[in-house]
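Undergrad: Chain by chain, the residues run as shown.
Number of protein chains: 2
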Amino acid sequence: MGHGSGGKLSHELITSLFLRYFGNDKLNELTDSAIADLPECKLAFTTDSYVVDPVFFPGGNIGNLAISGTVNDLAVSGAVPLYLSASFIIEEGFDMEQLEEIVASMRDEAGRADIQIITGDTKVVRKGQCDKIFINTSGIGIIEKNAGHISGGKLAGPGDKIFVSGYLGDHAMAVLSARNELNISSNVTSDVAPLNQLIKSITNTGAIHYMRDITRGGLATILSELVQKRDFGVYILEKDIPMREEVLGFCELLGFDPLYLANEGKVMMVVDNEHAEEILYILRQHPLGKHAAVIGELVSEKPGRAVIESLTGGTRIINMLSGEQLPRIC
Amino acid sequence: MGHGSGGKLSHELITSLFLRYFGNDKLNELTDSAIADLPECKLAFTTDSYVVDPVFFPGGNIGNLAISGTVNDLAVSGAVPLYLSASFIIEEGFDMEQLEEIVASMRDEAGRADIQIITGDTKVVRKGQCDKIFINTSGIGIIEKNAGHISGGKLAGPGDKIFVSGYLGDHAMAVLSARNELNISSNVTSDVAPLNQLIKSITNTGAIHYMRDITRGGLATILSELVQKRDFGVYILEKDIPMREEVLGFCELLGFDPLYLANEGKVMMVVDNEHAEEILYILRQHPLGKHAAVIGELVSEKPGRAVIESLTGGTRIINMLSGEQLPRIC
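Residue numbers (our numbering), protein chains in the order written: chain A, 9 to 338; chain B, 9 to 338.
It should be emphasised that the hints constitute simulated quantities derived from the structure, not laboratory data.
Check the hints yourself; a few may be wrong.
Copies of the same chain look alike in the list, so a pair counts if it works inside one copy or between any two.
Said to hold, decoys possible - Straight-line C-alpha distance at most 27 Å; calculated DSS-like pairs for lysine-lysine:
1. K16 with K237
2. K16 with K208
3. K34 with K16
4. K310 with K162
5. K153 with K208
6. K247 with K135
7. K34 with K237
8. K237 with K140
9. K50 with K153
10. K298 with K208
11. K34 with K208
12. K16 with K247
13. K298 with K247
14. K310 with K16
15. K34 with K50
16. K140 with K153
17. K34 with K162
18. K162 with K16
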């Protein structure tokens, strides 16, 4: 509890752990706010609280998830992520070695994403008042020239191709298999990864009309939101959606619809048709885009509707996730 | 649980509650990141997670606390607060009317502070996995010209006067009296308030050499940090510290040292001696600075030490809070 007091033990935790791993000229100042020089710009600002259960899962943990998730929210807005905050809510008695492992993986992921953690906060609550550890990261980035339109999706229109950057559902499966309650085991690891460098490789083509990272709510929710109040529809082909056999099998077994599975290192893009082949080529050069695929397109028929053609040729409408599929997936 | 799914119910909660209260042109876009135009500037960036227990206390609740606390972290850095993020972790079954009351008070406090909430996040965890509601707010602001030095305190030196902006300990007492366990009752209400306008009224004098809001760890911790590794000491007079009789009595009763009590609407300032009277005059014109007082000064004797002279004339050294006085005070 003393580590959350704001006094001496808090100070020790900050210097012996957080500064040791995250240290940089801005964070080291330990001022109430971090200070950074910025040029005149369009700033992107985002926040996410991470409550994933369990804290450690195959392929990652709550720490690198908290870095990647927020970096990806900036990147899909067409921003170059610059700085993150990190705020911890920790349950009294949480293992210090596990905390250090989480912090170390945050540092590593921040390095991969080429961003700095420049401000933070730690609260400790009594046993039973939170479940182990929750982490909030907020992020700021600068919108690149030629990328200002991506976030709103105003340029998206019929004929545009719909891309996903790789296999869907790996994160959801990895987290579920790490939960003892379901008694399933698998070799699938989470796809958690910062996508900013993959995304940067294609935003300057000017061909990206819209982008979203495919997290909670899955591909279905993003596609439903994309067509809401728009004068076009979405038509995708189930056969073209990249998914691992194992993830598909697991969905059948548990009755999950794979379209709603969460990912933490996958992006859905709407791409100008003329540049579709070029974009696919660039994406596949990148380790995080090797299995990128075109899964459908925007169509002028059925405006406001997202439709999927199944393996057997029938079609159905894709709706937003209703109710709740998997709690605490991120 | 469905409200945290990222799907339809999340969407409904966002539009029917968060947008209804916080709505503005940036938040309404509901993009992964909010986007704001910024001039070339020094940016201040800060974050805090709020876990106060109980969620409602005399004079405020976790919502306006989350706004004020983060606004104040920006303001004491010499920044004009511009934008906030708001991220909620909510326990399954938390009362919707209470949530609305919290959100409404966030809107009101944001209005008082003249800032906008432009991005957010909501997670819902199962019953027993968090204690009712935790809120993270992160904030960005622009450092004003002539205020760039405040945050680091580099200009602070012997002869400077130490100010506090009003009565100390009100927040701690209000929160404690709202906890049933201690069986105390009082009429004291929390001092939670956004201090940015009070602070703005004095930063352009150029006379403020250092500022901190007096939160967790209390005045003692701030003063200890101020003298750390510096070539001056602090000397304050207990008799000059503004405190309500009732708060003092309560400290005696419970054995608390008032120097360690948390506040959420009080600032400690180090002021150029030449401007001390002018600053005191300006502060006292403002409703939030009516009871501002000079409590001591920076001295060249005992460098690295903060010393207090008691009512009876004895002196003792002030140390950082060690251990933990009051958990979940903010």
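Undergrad: None of the hints should be skipped; say for each whether it holds.
TA: Okay, the hints, checked on the actual structure:
1. K16 with K237: between (54 Å within a copy, 15 Å between copies)
2. K16 with K208: Cα proximity of K16 and K208: none, with 43 Å in one copy and 31 Å across.
3. K34 with K16: within (21 Å within a copy, 40 Å between copies)
4. K310 with K162: Answer is within; shortest intra-copy Cα gap is 18 Å, inter-copy 64 Å.
5. K153 with K208: Only inside one copy: K153 and K208 sit 12 Å apart there, 34 Å across copies, limit 27 Å.
6. K247 with K135: Neither. Shortest intra-copy (48 Å) and inter-copy (39 Å) distances fail the 27 Å Cα cut-off.
7. K34 with K237: between (43 Å within a copy, 19 Å between copies)
8. K237 with K140: neither (41 Å within a copy, 35 Å between copies)
9. K50 with K153: The answer is both: 9 Å in one copy and 21 Å across copies each meet 27 Å.
10. K298 with K208: within (16 Å within a copy, 53 Å between copies)
11. K34 with K208: both (25 Å within a copy, 24 Å between copies)
12. K16 with K247: between (59 Å within a copy, 26 Å between copies)
13. K298 with K247: within (18 Å within a copy, 70 Å between copies)
14. K310 with K16: Between copies only: 21 Å across, 63 Å inside.
15. K34 with K50: The answer is both: 22 Å in one copy and 12 Å across copies each meet 27 Å.
16. K140 with K153: neither (42 Å within a copy, 43 Å between copies)
17. K34 with K162: between (37 Å within a copy, 15 Å between copies)
18. K162 with K16: between (52 Å within a copy, 22 Å between copies)
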